[in-house]
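Number of protein chains: 2
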Amino acid sequence: MKIALDAMGGDRAPAEPVKGAVLAAKELKIEVALVGPQQVLQAELKKHPLVEGISIVPAGDTIAMEADDVARVVRQRPDAAINVAMGMVKDGRAQAVVSAGHTGAVMASAFFVLGRIPGIERPAIGILVPYAAGKVFFLDAGANPDCKPSYLVQFGQMGSAYMEKVIGIPQPRVGLLNIGEESNKGNELAQEAHARLAESGLNFIGNVEGVHVHKGVADVLVTDGFTGNVALKVGEGIADYILQQVRGVVKSSPLFIAASVLLKPALRRALKDLRYEEYGGANLMGIDGVVVIAHGRSDALAIKNGLWVANSAAQSGLIETMRQSFSRRSAAPETTPAAGR
Amino acid sequence: MKIALDAMGGDRAPAEPVKGAVLAAKELKIEVALVGPQQVLQAELKKHPLVEGISIVPAGDTIAMEADDVARVVRQRPDAAINVAMGMVKDGRAQAVVSAGHTGAVMASAFFVLGRIPGIERPAIGILVPYAAGKVFFLDAGANPDCKPSYLVQFGQMGSAYMEKVIGIPQPRVGLLNIGEESNKGNELAQEAHARLAESGLNFIGNVEGVHVHKGVADVLVTDGFTGNVALKVGEGIADYILQQVRGVVKSSPLFIAASVLLKPALRRALKDLRYEEYGGANLMGIDGVVVIAHGRSDALAIKNGLWVANSAAQSGLIETMRQSFSRRSAAPETTPAAGR
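If you're matching them up, the sequences are chains A and B in order. According to my numbering, numbering within the first sequence proceeds without interruption in unit steps and concludes at 341. According to my numbering, numbering within the second sequence proceeds without interruption in unit steps and concludes at 341.
Any given hint could be a false lead.
All copies of an identical chain are treated as equivalent in the list; a pair is satisfied when it fits inside any one copy or across any two copies.
[Said to hold, decoys possible] Straight-line distance between alpha carbons at most 27 Å, and here's what the computed DSS-like set of lysine-lysine pairs gives:
id	residue 1	residue 2
1	K165	K215
2	K29	K19
3	K251	K215
4	K251	K135
5	K135	K185
6	K148	K185
7	K47	K29
8	K46	K29
9	K90	K19
10	K90	K2
11	K264	K215
12	K251	K264
13	K26	K46
14	K165	K29
15	K47	K2
No wet-lab data here; the hints were simulated from the structure. Nothing here was measured: the structure is a model prediction, and the numbers come from that model.
So here's chain A without its partners, still in its complex pose:
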């Protein structure tokens, strides 16, 4: 089991990715291939004590965040670190890719080099959110701003596969993010997706409202990439806002300051779940290989977590399961669309 790390991806590359790889190799015994310019990575690696399980795979730099037409640039630069890393998974030299590079570039490279699992219409970004009441696999977090109902059913299938194989939850409960509990609530997409999810054979528990997202009512939450992205980012913003408000109020009195010094670790622990950079990254679901996209601001800890997430998924056999399950589904005769929906 080897993970290919795009060592030049992210705002803090190569220092933090290399450091994260060293931590993962040392603490988690994960084998990491650092992909990028050889001399740069060798120099960076020398700053750390020698550790077993790290290799360097020469490649060019990664695709810059500023690239205007990312998909075109990705195609024109087969030597780019991200493309070389994907190629390693393609030909079996690695079992997963981790990158903190530009999300669009990583998606384009994954699509271009690895392709989709047959039967899946659209890859989606899945984020595992560790709420206190239970982990929720949330997708799509932003890959597909416009969705068809069939995509949402496939998101449910992919999310279920993830929760079952990687997290070990049998028969994961699948919920549809919606604006009411009744089946006839929501926009046209949500209504049609509700009907199809009910007939999908998944363990579909119905609609989940925004106020209940964190309450552990579902293991998988599906929505279109527009709503999903807004929901996750509003949640992140509100968490920041609350911290900032608390800080402001605390500063207004010496008594508050004293109390807050005591409470700070408690607050930090409470808010940790809502900091997406702690999770180790988003899973690009539906690609024919394990691809984890870490936050652009990732530090060594985030990269280490990302390598752990990728390694767990690769070890779980998630991709093989999805290949089999979707090839069965696509081989099966098309179900007749229900009339009048």
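Given chain A, work out where chain B should sit, using these hints.
This is chain B only, laid out in the frame that chain A set:
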């Protein structure tokens, strides 16, 4: 200036609405007509010291929350408190309606009795969120799960009118809730709405991402009713979640408990902005009259706030301004749709 209060609407009616009316009349000198069954309201009113400015307008009960086909029920019961209250605005005996009843019933009644302002395609639910960095008028919060780009432009016009007339902000900055800053980001609806907002003559500042909603970058934020409802409810849920997490962690140590006793008022103050019931209600925008929908769980304080919100809007001349502005717009020749968008 008189406000018609649906005294039987909400989970805690008639006690809390009547108490809220008494508070509003006493503290804010707002004239309130309690609309509902005369004997019930008389009995309830007797529990309070006599206060000037409160009258009772006889009507039946309000529409029950359980009604299946709300719109039909509203039409079949012209004597229902909510319909009688709307009728008072229609014929000038009151200048605004406040109800903590079923949102669907209030909307149906408003539509049925008062109708739309000519030129407005769809009424929307507007919520004024008082973030520390500045108030944001957020719409649509859930009335229209499916929207056309033209609706979003009208939401921007209605929100601008509200912020200018009621809150007193000249040339309100209008933002579009979206998943990226560039104009080509988002789903089809957001992309087309962006193009139209840019040409609308409004003070359009472009896209606003979920993480920036609370940062005071815009005075008005427009989105479709599906995304808007999910965003507001996720925000509400996350705020609840954080409180609950903090409580849990605090309980784990006596030191934390001591600190939290000191910090509790600070936390409460910091989180107050995110409790939508504190705002006094949502504004039903686009209806030809001021209609404020208070939370179903409203207590007397929330009702008092709702009466204040309604009174401010009625005094501001918001409806007259919107009538004039939309009649000008509808009289103007249709702008040619830009090609290739």
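Results for each hint:
In this assembly of identical chains, the alpha carbons of K165 and K215 lie at most 27 Å apart only when taken from the same copy (22 Å versus 40 Å across copies). With identical chains, the CA atoms of K29 and K19 are at most 27 Å apart within one copy only, with a shortest distance of 14 Å there and 66 Å across copies. Taking identical chains as interchangeable, the C-alpha atoms of K251 and K215 lie at most 27 Å apart only when they sit on different chains, with a minimum of 20 Å there against 32 Å within one chain. Taking the shortest Cα distances, K251 and K135 sit within 27 Å of each other only across copies (23 Å), while inside one copy they are farther apart (34 Å).
For a Cα distance limit of 27 Å, the shortest separation of K135 from K185 inside one copy, 25 Å, qualifies, whereas the shortest one across copies, 30 Å, does not. With identical chains, the CA atoms of K148 and K185 are at most 27 Å apart both within one copy (17 Å) and between copies (18 Å). In the homo-oligomer, the alpha carbons of K47 and K29 lie at most 27 Å apart inside one protomer (20 Å), although the nearest pairing across protomers, at 73 Å, exceeds that limit. Taking CA atoms no more than 27 Å apart as the test, K46 paired with K29 passes inside one copy only; the shortest distance there is 19 Å, against 76 Å between copies.
Taking the closest pair of Cα atoms, K90 and K19 come within 27 Å of each other only inside a single copy of the chain (26 Å); across copies the shortest separation is 70 Å, beyond that limit. For the identical chains of this complex, K90 and K2 are intra-copy neighbours only, at 13 Å inside a copy versus 72 Å across copies, given an alpha-carbon limit of 27 Å. When the C-alpha separation of K264 and K215 is checked against a cutoff of 27 Å, the pair qualifies both within a copy, at 24 Å, and between copies, at 24 Å. With identical chains, the CA atoms of K251 and K264 are at most 27 Å apart both within one copy (13 Å) and between copies (14 Å).
Within a single copy, K26 and K46 get their C-alpha atoms as close as 15 Å, which meets the 27 Å cut-off; across copies the closest is 76 Å, which misses it. In this assembly of identical chains, the alpha carbons of K165 and K29 lie at most 27 Å apart only when taken from the same copy (21 Å versus 64 Å across copies). Only within a single protomer do K47 and K2 lie at most 27 Å apart by alpha-carbon distance; the minimum there is 22 Å, versus 75 Å between protomers.
Consistency note: the structure conflicts with none of the earlier hints.
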